[in-house]
Amino acid sequence: MAIHHGRGFASINYPIGMNLGGDPSQALVHSTPDGKFKVTLSSIDLGQGIKSVGRQLAAETLGVPVEDVFVDTADSDTGPHDMGSFASRGTHRMGNAIIRAATEARAQLLEAAAEELEVDASDLVTDGRGNIHVRGAPSRSISVEATATAAQFNQGRTLAGRGIFLVPLSEVDSVTGEMTPVSSFAHAALIIDLTVDDETGEVEVQNINSAYEVGRALNPRLVEQQLIGGAWMGVSHALYETTEPNYPERSHGPIDFNHYLQPGPGDTVPHHISVLERPAPDAPFGGKGPGEMCANPVLPAIANAVFNAVGVECDSLPITPEKVLRGIRANGGARPQGRPGA
Amino acid sequence: MKSPVTFRLNGSETAVFVDSGANLLDVLRRGCGDLSPKYGCGQGSCGACTVLIGGEPHVSCLVLAETVAGRSVETTGGLSNGPDLHPLQRAFIEGFAAQCGYCTPGMLMSAKALLDRNPSPTRSEVEEAISGNLCRCTGYEPIIDAILEAAKQRGAA
Ligand code: FES
Ligand code: FES
Chain S
1 MAIHHGRGFA SINYPIGMNL GGDPSQALVH STPDGKFKVT LSSIDLGQGI KSVGRQLAAE
61 TLGVPVEDVF VDTADSDTGP HDMGSFASRG THRMGNAIIR AATEARAQLL EAAAEELEVD
121 ASDLVTDGRG NIHVRGAPSR SISVEATATA AQFNQGRTLA GRGIFLVPLS EVDSVTGEMT
181 PVSSFAHAAL IIDLTVDDET GEVEVQNINS AYEVGRALNP RLVEQQLIGG AWMGVSHALY
241 ETTEPNYPER SHGPIDFNHY LQPGPGDTVP HHISVLERPA PDAPFGGKGP GEMCANPVLP
301 AIANAVFNAV GVECDSLPIT PEKVLRGIRA NGGARPQGRP GA
Chain B
1 MKSPVTFRLN GSETAVFVDS GANLLDVLRR GCGDLSPKYG CGQGSCGACT VLIGGEPHVS
61 CLVLAETVAG RSVETTGGLS NGPDLHPLQR AFIEGFAAQC GYCTPGMLMS AKALLDRNPS
121 PTRSEVEEAI SGNLCRCTGY EPIIDAILEA AKQRGAA
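Chains S and B are the protein sequences, given in the same order.
Using this note's numbering, read the first sequence as starting at 1 and increasing by one per residue.
Using this note's numbering, read the second sequence as starting at 1 and increasing by one per residue.
Source of the hints: derived by calculation from the structure; they are not laboratory data.
Every residue, glycine too, gets a C-beta built ideally from N, C-alpha and C.
Any given hint might turn out to be false.
Interface residues of chain B toward chain S, partial, derived using beta-carbon atoms under 10 Å [as the list claims (entries may be wrong)]:
#, residue
1, PHE17
2, TYR39
3, GLY82
4, ASP84
5, GLN89
6, PHE96
7, ASN133
8, ILE144
All chains, please: the whole structure from these sequences, using the hints.
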């Protein structure tokens, strides 16, 4: 009876969004009379950070401080249409829509300021701190707040923008069957080190080393947060979570968190992440977003590492101690595969 | 049948009428309007509803509201001092220790109970203290780090 070490590798090309009939997202941006900007979306933020990233993208495009932008993820009755938060499409699709909406709103902001300053809008620039001034003449300036107030109360003008980003339906080539279901790919490669106890069948992940290519990391701390949490979920799916553990009766299965297993705070695994930035040309400021790809490569890497450790190929998830032990028995014992060069 | 229950909620004398058999979580959320403790499972296994009773962490979904009569109850709603955030809250924000945030109020209260009795815990003591709090999003690592950081900040202050 022994503890066997295993190492497994997996890599992934992960499509951003999907296109099975067109894949649109819309955004609306408008200013309040005191020069704050609201971004209205129908996408949902359930912790992945689209509110933070949308806020950054809108502020950067409008040329105003990030503190002056607020994102309302409304609801699908009152907000602009959106396909939804899925397929890792949020940053890419909604981000592009936000940039378009903010670009239109910025043009109106500059026109309203131009009217107040009696200059040409094309001569105006924003300083990113809440002011608009004539290029090369910072003293000829007006604040965003005063511009918004003047637009609303004197000029009778809205400072608002509409944006949509649509990846049109891709035609299928009738000869080759080829089509373009997605617009861009993110990538990851991941190495798992783990141990397998050939007496209990227990698998313990020791170490994760990963590289994720996400375009530009628009908010590096949020990217890291997604990657750490998502990889944890990958470990959880690979080794723990199932609604159908091998109980004799389905009705004996888990009905609560006490029996639906997940790794707890004592089971965290050191995870060393390298974020690679290759800004994507069609993505908002180059950012594709980490999305579901956080979790995906972890599962095959763990399966490969278990095979490397004891020679058991598990073709169903989760890789429970029982499946590992059955596999070892079927093989007539543990069969460590060794490591080239080790 | 309803009966009056008086207790201290985040330092303020509070009186509510509660149905006999009502659980504390329900009374805090609906009776007192304190929405900071969250309902996750209603059966004591997720920790989202954790509050402190007499300084000790309890899952409020399993506490009979009448049993807190005369006692002190603390929730995340009372953690900050006006605009001044508690060191734990600051560490959670700075350490990106919340994603959806559903587990956060329970995590904060379990962590507060720990730091109140053990100002400089080890990593495994932190893991133990939050072992009854489930988190789906963060992988726990940032939460553990934030609690250790808050302990450090409090020690330095
Ligand atoms: S709601 Fe109380 S433990 Fe889950
Ligand atoms: S942050 Fe979502 S459950 Fe912990």
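Checking hints one by one. Is PHE96(B) an interface residue toward chain S, by the C-beta closer than 10 Å rule?
holds (4 Å)
Given PHE17(B) as an interface hint, is its Cβ closer than 10 Å to any Cβ of chain S? Hint violated; PHE17(B) Cβ to chain S Cβ min 31 Å, cut 10 Å.
*asked:* Hint validation: GLN89(B) versus chain S, beta carbon distance must be below 10 Å. Holds or violated?
replied: Nearest chain S Cβ about 17 Å off; hint violated.
Practice item. Closer than 10 Å between Cβ atoms is the bar; does ASN133(B) clear it against chain S? Give me holds or violated. Key: Since the shortest Cβ distance to chain S is 8 Å, the answer is holds.
- Hint check: 10 Å Cβ-Cβ cutoff, TYR39(B) to chain S: violated (13 Å)
- prompt: With 10 Å as the cut and Cβ atoms as the points, is ILE144(B) at the interface with chain S?
  reply: holds (6 Å)
Query raised in the report: Does ASP84(B) pass the interface check with chain S, least Cβ-Cβ distance below 10 Å?
Result: violated (20 Å)
Using the nearest Cβ pair, does GLY82(B) come within less than 10 Å of chain S? violated (20 Å)
Comparing the model with each numbered hint stated earlier shows that hints 1, 2, 3, 4, 5 do not hold.
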